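**Student:** Each chain is listed here by its residues.
Protein chains: 4
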Amino acid sequence: MNSFGRIFRVSIFGESHGPSVGIVIDGCPPGIPINTEDFEDEINRRRSGAKGTTPRTEPDIPEFLSGVFNDKTTGAPVTILFRNTNTRSRDYSLFTKIPRPGHADFVAYKKYKGFTDYRGGGHFSGRLTLGLVAAGVVASKVVNDMDINAKLIEAGGMKDIEKAIDLAVEKKDSIGGVVECVVSNVPAGLGEPFFDSVEAVLSHLLFSIPAIKGVEFGAGFAASKMHGSEHNDSFIDQSGKTETNYAGGINGGITNSNDIVFRVAVKPTSSTSIKQRTINIESGKMTDLEVEGRHDLCIALRVPVVVEAVTAIAMADFSLLIRAFEQNQK
Amino acid sequence: MNSFGRIFRVSIFGESHGPSVGIVIDGCPPGIPINTEDFEDEINRRRSGAKGTTPRTEPDIPEFLSGVFNDKTTGAPVTILFRNTNTRSRDYSLFTKIPRPGHADFVAYKKYKGFTDYRGGGHFSGRLTLGLVAAGVVASKVVNDMDINAKLIEAGGMKDIEKAIDLAVEKKDSIGGVVECVVSNVPAGLGEPFFDSVEAVLSHLLFSIPAIKGVEFGAGFAASKMHGSEHNDSFIDQSGKTETNYAGGINGGITNSNDIVFRVAVKPTSSTSIKQRTINIESGKMTDLEVEGRHDLCIALRVPVVVEAVTAIAMADFSLLIRAFEQNQK
Amino acid sequence: MNSFGRIFRVSIFGESHGPSVGIVIDGCPPGIPINTEDFEDEINRRRSGAKGTTPRTEPDIPEFLSGVFNDKTTGAPVTILFRNTNTRSRDYSLFTKIPRPGHADFVAYKKYKGFTDYRGGGHFSGRLTLGLVAAGVVASKVVNDMDINAKLIEAGGMKDIEKAIDLAVEKKDSIGGVVECVVSNVPAGLGEPFFDSVEAVLSHLLFSIPAIKGVEFGAGFAASKMHGSEHNDSFIDQSGKTETNYAGGINGGITNSNDIVFRVAVKPTSSTSIKQRTINIESGKMTDLEVEGRHDLCIALRVPVVVEAVTAIAMADFSLLIRAFEQNQK
Amino acid sequence: MNSFGRIFRVSIFGESHGPSVGIVIDGCPPGIPINTEDFEDEINRRRSGAKGTTPRTEPDIPEFLSGVFNDKTTGAPVTILFRNTNTRSRDYSLFTKIPRPGHADFVAYKKYKGFTDYRGGGHFSGRLTLGLVAAGVVASKVVNDMDINAKLIEAGGMKDIEKAIDLAVEKKDSIGGVVECVVSNVPAGLGEPFFDSVEAVLSHLLFSIPAIKGVEFGAGFAASKMHGSEHNDSFIDQSGKTETNYAGGINGGITNSNDIVFRVAVKPTSSTSIKQRTINIESGKMTDLEVEGRHDLCIALRVPVVVEAVTAIAMADFSLLIRAFEQNQK
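Protein chains in written order, with my numbering: chain A, 1 to 330; chain B, 1 to 330; chain C, 1 to 330; chain D, 1 to 330.
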């Protein structure tokens, strides 16, 4: 399903080389100020341009199709559209027969019986994350008391990220990375058992971002090597603050008032200039493939802003949901 | 929300020391044979008893409250109940004031304003996974063409798991572990963009299992250190089989006919015999806490069967969903 | 789907002659007092016994399987079970071949390919409404500021209902009726565009009650014969109160603070002692059918309490939902 | 929620005098041919122009923002947009203080705390049904084996509809009507217990159409005056065909292979040229109100095409859903 969320609910649509990409936000509270400028910074962070990212540059100006009146949300669904303007006419149809390794070419063609829009990845394209970023801007206004910060902490296995990019450029081969996100000023009590724990909902959204192959909270995989006495975070005050934060701010799936901390693993961009072996699906013959065109050498550079966006979306949904129950208990 | 799934949909309920735990399965196809014996093996695998697991032993015999007639599912909701019989009377109320580090005591009390059933973890207890295991048995009959196998591949940071348990017993301190799951015989095309990729849905369910703090697919976090030319899996036949499987059987969120492979990080059991520092929430005084009672020294030992169960649930849901579209395309 | 509701969400299960019927309530606020006695009156109202209703009498004592602790809801799913004890052994299998006119025998057998539990209507039985009544008791505590009253205002086309029943008994032929429900003390603002208007959600629940074939709000079908100047309700105070209430308390799908008023049409009980023509599905031969056993001559007598229950469920869900947005606007 | 459907799922957005109205269709099977011309007839039927309808005439040409490639659906979300071009600049802000009787002015202002887009009804406008009509065109291609026909069978209480309109024009006062819909060629087995009966789902969608105040299936309210022996439809062949069709093609909430038949009551248009009494919400003073502008004297004239559209949407969703289970039973 191309929708997610219980109260603050987003529905994504669009294709890389179709007319547009966009998002509908249902359940957005009324009265939230919305201006085109509010989106600029995040859209710029997401856009290509840095060393290691693709030169495709589109203005990416959000168009508000619904739900905004007098520069404020109305309570009705907010629809935000981005026109695709810079779609080059190269022929992608080749890849329906000779699927690019690592890409969705094969599965898309198979799943949609040849009707898929294969151009530039179609609906599977990373360009779809533009809608997420836009929804994230709105969501972060709903939870503007929280601070959500994601950054690339490792690329190609190296902490020195600039150096890693230089090496990738030199080798003309793409690299991956690790993005860490910290959410501060989180109230205790967010998250819902059994299936909507903070980890469950966040990971659902995070794994929806193309190229993410791992998610871990707090100590994460390292926790599996620790002793309980070491991993358990000791409470140090009545608000729930703990001495350490190996749990990543989450106990039993519910926020405990400490920072939410998690990391995501970003695989190397599937597009690479290196020659690869693949198969012609029709003839069954093995063949060499060199993929030209605009590639991100390190897509991980563009992931932090998207991670922040989906985190804001999850936080907005959780926050609205607990409000439903808070009044009742008075 | 305590429900999950679009077509094959499970709703979980119960508390560790309340009358029962159980699950309702909605959208279960009719005609699936169901017998008490079908559940025995998986329930036994989940049950304590091995070295490193708690001595709490209950018969755990599934009671079919609805949806089964003449030993077959009817198409109506299947409700499976497990009575709690072995609930010792120790006083857990202490932990609402002096929350155990690593446990859900603090967040549960906070979130539910003191009305939570705090006994034995209540609704947050690992005992709830019994319902998941039961649903998994039914789900695996829906997708009985697939093979789903999970096993503990590391405990306490060691590959020799028996030795790791011995060390934990010696130190009287709990340990975590890593569980790997492989799904074979998977058709291409399972998974739904944008938000219901196989990774997204599986991780949602996996992070709903208590104690899971990380999930990675295929190469996972190691992918972040690889080059694209190395990570991309080359297709070697027309069915989509690849030479390597760094993608874990999933491209663009959709299965590509190779084995689905993923790993989950299990934190060390929060309960440990080691003395810990914590705080009295009411008085604000720091205090020492020694938690006695039945503990799993290595809860990870009991996780594989639950991982298999939620994987079967996800596969059943995905499989029923693609059938909805397959006829249409003829 | 056997679940309904966004926040206060009910999942129904059970069969008439299986082990039990019941309901799971997810999203129930914590701290709501729950006692067996709270359910007595409503269960008695629903139960048979009056002239024109079936003599099947079961104790129908609710069993709380989860979500209740110290006689209060905990915030976890509340599961309420009713054991079936008075299930006579008559052979219903006949009706899978010779379907009773008006009943679900034919469609159930067809839809579930012969695996349906056909005994006593199985999952289609009116006995399932027992779970709705129980959930309604809980829901009415969530919205205890509102008054919800439904009553039978017409039976067999007559306003004198007692007389109508007497005539039906005399003719040994079942009759239908009309139930009217009024909800007082309703705040303005309940209901959600576009698809979750108060009328849409209420009718969804009302048409889930067996035997309901029509639903109308305010003037309803009579509105189709009125002029706009006559039908429009004039506002008479600032709170939204109107002089007339042809709209049934709902404008644009949203409550306007006047009483919600609606009526449902209940068809005559399908079971009747009168001989009927039907077909043997296997042989294709027409045949006469006389249905013996326990029948309600006027099922409409038992409908008001169920109408109140589903109305309470809808109101609880709407009320919790608007709370999510109210705090935000301060 | 502004979304509806489980598999074929529509999300509606837009405002009457905002930039646009539109719809996103998720779960649309790939390979369905889509051309602008396919929408013309239905859009024309919905558009104003006939005697008794408003003179607002916009081209209403559908713009496909996503999900269509080479004139066929791709399997990705289909977004259809209609620009608002003919939005006159009259001042609707008056109605936030002096709400029009029968309109959503009051509830919208109250619910959305003054942030609502009040112009021309905003998100509550009948113009939103344009998106439904567009989705209906697509849905009817999914279930193109069925015939769905709705027509106005009564206006202002008269069967002679032309005469009714003439009278309304003469009196300058709006009138309502009754629309009947018949669906032919329906397979047995559509509809889902407990909460998703055909009646429940259809009524949910029908009551989402502005101005609908009643829905009845088969004999509907007249059934409440019938005897069981009279109302029960006798089966006359093995496919489930019945002699009469008082049940409207639905038993136990499931289609029985006979025509689905239902009627909806349409209230008179709230806008009327007749002077009305209302209140100034701010001052509390009673005042007279004459609403000028473009009105439909009989909005019921424009309802049939919308009724067909939502019926097609429901049928598409039910049809895709049963396919999920059909393969399994072989």
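Since the hints were derived computationally from the structure, they do not count as laboratory data.
Since we're looking at a predicted model, the values are computed, not measured.
For glycine and all other residues, C-beta sits at the position ideal for the given N, C-alpha and C.
Certain hints may be false.
Partner residues are not named here, just some residues of chain A that face chain D (Cβ under 8 Å, in silico) [stated by the list, open to error]: (1) 3; (2) 19; (3) 20; (4) 72; (5) 109; (6) 123; (7) 171; (8) 184; (9) 188.
**Student:** Now tell me, hint by hint, if it's right for this structure.
**Tutor:** Hint-by-hint comparison with the structure:
1. The restraint placing residue 3 (chain A) at the interface with chain D holds, with a minimum CB-CB distance near 6 Å, inside the 8 Å limit.
2. Against a cut-off of 8 Å between C-beta atoms, the interface hint on residue 19 (chain A) holds, since the closest Cβ of chain D lies about 5 Å away.
3. At its closest, the beta carbon of residue 20 (chain A) sits 5 Å from a beta carbon of chain D; the interface hint therefore holds under the 8 Å criterion.
4. With a least beta-carbon distance of about 5 Å to chain D, the hint placing residue 72 (chain A) at the interface is held under the 8 Å criterion.
5. The closest approach between the C-beta of residue 109 (chain A) and any C-beta of chain D is roughly 11 Å, which is over the 8 Å cut-off, so the hint fails.
6. The beta carbon of residue 123 (chain A) is positioned within 8 Å of a beta carbon in chain D (closest approach about 4 Å), and the interface hint is therefore held.
7. Checking residue 171 (chain A) against chain D: minimum C-beta separation of about 35 Å lies over 8 Å; hint violated.
8. At about 29 Å, the closest approach between the beta carbon of residue 184 (chain A) and any beta carbon in chain D exceeds 8 Å, and the interface hint on this residue is violated.
9. Given hint, residue 188 (chain A) at the interface with chain D, is violated; its Cβ is 28 Å from that chain's nearest Cβ, farther than 8 Å.
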